[in-house]
Each structure stands twice: as structure tokens, then as C-alpha cells.
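Novice: All chains should be modelled from the sequences, with the hints used to inform the complete structure.
Numbering (the working numbering), first residue to last: 7 to 357.
Because the hints were derived from the structure by calculation, they are not lab data.
Please note that a few of the clues may not be correct.
[To be verified] Here are the simulated SDA-like pairs of lysine to any residue, each with C-alpha atoms no more than 25 Å apart in a straight line: (1) K164 <-> N125; (2) K39 <-> N125; (3) K39 <-> L163; (4) K142 <-> S71; (5) K73 <-> D242; (6) K334 <-> D242; (7) K39 <-> N299; (8) K257 <-> E267; (9) K263 <-> G174; (10) K41 <-> L280; (11) K164 <-> T134.
[Stated by the list, open to error] Cβ pair distances, simulated, as ranges: (12) T212 <-> G67: 24 to 30 Å; (13) H227 <-> N276: 34 to 40 Å; (14) Q144 <-> K223: 32 to 38 Å; (15) Q144 <-> A198: 15 to 21 Å; (16) K323 <-> I185: 31 to 37 Å; (17) L280 <-> G306: 19 to 25 Å.
Bear in mind the structure is a predicted one, so any value in this text is a computation, not a measurement.
No residue lacks a Cβ here, since even glycine has one placed at the ideal position from N, Cα and C.
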Amino acid sequence: MTVPKVTYEIYYQGTNITGSILPYLISFSYTDKSKGEADELEITLEDSDQLWQNAWYPTKGDKISAKIFDLGKVLDCGTFTVDEIVSSISIDGDILSIKGIGAGINKAIRTKNSYAHENKTLREIANTIAAKHGLKLQGNIENVRIARETQYREHDLKFLQRLANDYGYTFSIRENLLIFTSVFELENKTEALTINRNEIISSEITDKTSNSFRAVKLSYHNPKEKTVITFEKKEDDPAFTGGKVDTLEIKLRAENKQQAEIKSKVALYNANSLQQEGNATILGNILALAWNNCTLLGRGVFSGNYYIRESSHLVEKDGGYTTSIDIKRTGLIEKEKKAKKKEESESDSEF
7 MTVPKVTYEI
17 YYQGTNITGS
27 ILPYLISFSY
37 TDKSKGEADE
47 LEITLEDSDQ
57 LWQNAWYPTK
67 GDKISAKIFD
77 LGKVLDCGTF
87 TVDEIVSSIS
97 IDGDILSIKG
107 IGAGINKAIR
117 TKNSYAHENK
127 TLREIANTIA
137 AKHGLKLQGN
147 IENVRIARET
157 QYREHDLKFL
167 QRLANDYGYT
177 FSIRENLLIF
187 TSVFELENKT
197 EALTINRNEI
207 ISSEITDKTS
217 NSFRAVKLSY
227 HNPKEKTVIT
237 FEKKEDDPAF
247 TGGKVDTLEI
257 KLRAENKQQA
267 EIKSKVALYN
277 ANSLQQEGNA
287 TILGNILALA
297 WNNCTLLGRG
307 VFSGNYYIRE
317 SSHLVEKDGG
327 YTTSIDIKRT
337 GLIEKEKKAK
347 KKEESESDSE
357 F
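Specialist: Now the structure itself:
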């Protein structure tokens with residue numbers, strides 16, 4: 007299988023250093039994540055002359071960035087802060103790796119603290135944290151009022167991720183933006199790319215029923231109101247309504263019926279959406295990004311639509327380009343039928 011070739015640019019402190027480091031570059035990789043974690047950029051350099059571990063040693067806190075150019079399209083990997091430097095030696099020579107994390111993920115947002123948010127909406131809580139770190143909040147967030155949400159010895163990133171998970175959102179920090187998006191909106195949007203079998207270098211997908219449920223039941227005793235809040239919901243997807251599939255019983259804090267309904271719906275969806283999940287390494291594709299959906303073809307019963315939870319783009323010195331993706335199935339009935347119909351219409355020669 008021939009790996010596609012791309013061109014690229016690497017910047018250090020805003021200066022294009024692509025030509026300068028070319029004699030030393032082994033590869034660079036860009037990892038794009040979807041669940042409130044820091045995106046990463048890693049540059050791996052040959053250092054047999056020990057220049058990078060001495061006179062050219064990079065400075066932690068400096069900014070690095072990269073762009074990948076493929077058939078007239080550009081993947082701007084973003085700006086990263088040098089966070090970690092690894093020097094290694096072996097019989098094959100010296101290597102130095104420069105690792106950067108998304109520029110918006112600073113030390114302050116990863117510092118543990120305690121705070122009680124009172125009588126705020128979910129959006130107001132997210133906006134409070136965004137403003138604290140000089141970020142601008144973007145995204146549509148449902149009007150859910152929360153009487154009290156306590157952050158106890160959690161860093162802001164972890165606290166925000168916990169809230170996002172409970173209410174069905176995912177978020178990312180890109181430079182000066184805190185972007186909130188509903189998981190239902192993300193995982194049901196139009197697929198950004200199709201991956202045929204002849205584009206797959208390797209892949210592994212697991213199909214399981216151990217975490218599948220036909221209904222969800224939430225029960226919470228509100229000590230302040232001295233009431234018990236309960237909510238039950240049946241699974242809408244017919245893939246889970248038959249057989250001896252269990253009811254998911256959860257005990258999450260819920261101040262009212264609205265919170266109970268949202269948290270139940272999210273918990274059931276999260277559990278059942280993991281029935282089929284896996285990974286794939288494919289010929290490099292700049293559209294294979296976290297938050298995008300893709301269609302796999304030529305994988306038999308595993309053909310269909312998948313949500314990309316994380317992607318890693320590896321570019322070799324000569325421009326050789328591969329992409330690794332972490333994926334989970336989106337929709338097990340209607341979308342599966344559409345994907346199968348599309349696959350059957352493809353020419354057998356493609357596989």
C-alpha cells in the first residue's frame with residue numbers, strides 16, 4: 007500500500023523553521039482530541055551531533071505550530087505551548103522530542119481549587135470558568151439551572167469535563183476559545199469523509215452487548231427538599247429494545263425533573279453508543295479529525311457510520327502521511343442500512 011505524500015510547515019515562536027530543521031526532522035505528529043483534553047503536537051528530531059540537547063535546546067513555554075498541505079487543502083494544527091522535552095539515546099543515535107499542548111491549556115486551568123457555583127445555568131458556570139482564564143465561550147448550551155454545583159479540589163478542566171459529561175456536551179479549548187457542543191449534535195451530523203477498505207492500513211472494531219441497555223432509571227434523594235426524584239426512560243433505538251437487555255440504574259445528583267431527564271438520557275445514550283467501538287490507521291486524511299463523523303466501507307457488518315473521538319496525524323520527514331483514529335459507532339439501525347446500500351453501490355474493484 008502506497009502512503010500518500012504531503013507538504014508541511016513547522017513554526018517556532020511564529021517563525022517558519024521548516025527548512026532549518028529539515029536535516030534533523032524524523033517526523034511530527036498532531037493529535038486532535040474531542041473530550042476536554044489538550045490537543046498535542048510532537049516533533050521528533052535526530053540529534054547525533056547533540057545540538058538540540060545543548061545550544062539549540064528549546065525553551066519550555068515557547069509556542070510551536072504546524073500545517074499540513076494536501077491536494078490544495080490545509081490542516082492548520084493550531085498553536086501549542088512547549089510543555090515537555092524528551093532526550094533519548096540508543097545504539098541508533100540520539101533523539102530529541104519536543105512535545106507541545108494546546109496553547110489554551112495553561113497551568114492555571116490545570117491547578118486544583120475549590121469553589122461553589124450557586125444558582126447558575128450550565129452556560130453561566132462554563133462562562134465563569136472561561137472568563138477566569140481569558141477565554142471566550144462558544145456554543146449552544148441548554149438552559150439548565152443548577153442550584154448548587156461544588157468544585158472540590160478539582161482543576162477547572164476536570165470540573166468542566168464532569169459537568170459536560172453529565173449534561174451531554176463535549177468541549178475543546180482552541181487558543182482563546184472554549185467551545186461547547188452537544189454530543190447528540192456532533193454524533194448525528196453529516197459524515198465528513200468516507201474510508202474505503204483499500205484506504206485502511208489496519209483496523210480493530212469490537213462489537214459487544216455487555217454495556218447495552220433497553221431503558222434507564224434514575225433515583226436521587228434530595229436531602230434539602232426531603233424528596234426522592236425518579237425518572238425512567240426507554241431506549242428509542244430499536245437495536246436495544248428486544249431480548250434480555252438490562253435497565254441501566256444510575257444514582258446521579260438531580261435537583262429537579264429537568265436535570266433527571268437530561269442526565270438519564272445522556273447516561274443511556276453514552277452506554278449504548280459504545281456497543282461498537284475501535285480504531286483504524288488509514289492513509290493520511292486531513293478530514294479525519296475529532297468531532298467529525300466518517301463512513302467505513304468494505305468492513306462487512308462493521309461497515310457504517312462512526313464518530314471520531316480522537317485522531318493522530320503522523321507526517322514523516324519525506325512527507326509520508328498516515329492518520330490513526332479512535333472511533334465509535336453512531337446509529338445502529340437507519341444509518342447502518344444507508345451505509346450498506348451505499349457500499350453495495352460501490353464497484354467491487356475498489357476493494
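Novice: Take the hints in turn and mark each one as holding or not.
Specialist: Here is what the structure says about each hint:
no. : hint                      : in the structure
1   : K164 <-> N125             : holds (21 Å)
2   : K39 <-> N125              : violated (31 Å)
3   : K39 <-> L163              : holds (14 Å)
4   : K142 <-> S71              : holds (21 Å)
5   : K73 <-> D242              : violated (42 Å)
6   : K334 <-> D242             : holds (19 Å)
7   : K39 <-> N299              : holds (14 Å)
8   : K257 <-> E267             : holds (13 Å)
9   : K263 <-> G174             : holds (16 Å)
10  : K41 <-> L280              : holds (15 Å)
11  : K164 <-> T134             : holds (15 Å)
12  : T212 <-> G67: 24 to 30 Å  : violated (40 Å)
13  : H227 <-> N276: 34 to 40 Å : violated (23 Å)
14  : Q144 <-> K223: 32 to 38 Å : holds (35 Å)
15  : Q144 <-> A198: 15 to 21 Å : holds (20 Å)
16  : K323 <-> I185: 31 to 37 Å : holds (33 Å)
17  : L280 <-> G306: 19 to 25 Å : holds (20 Å)
Hint violations for this structure: numbers 2, 5, 12 and 13, all remaining hints satisfied.
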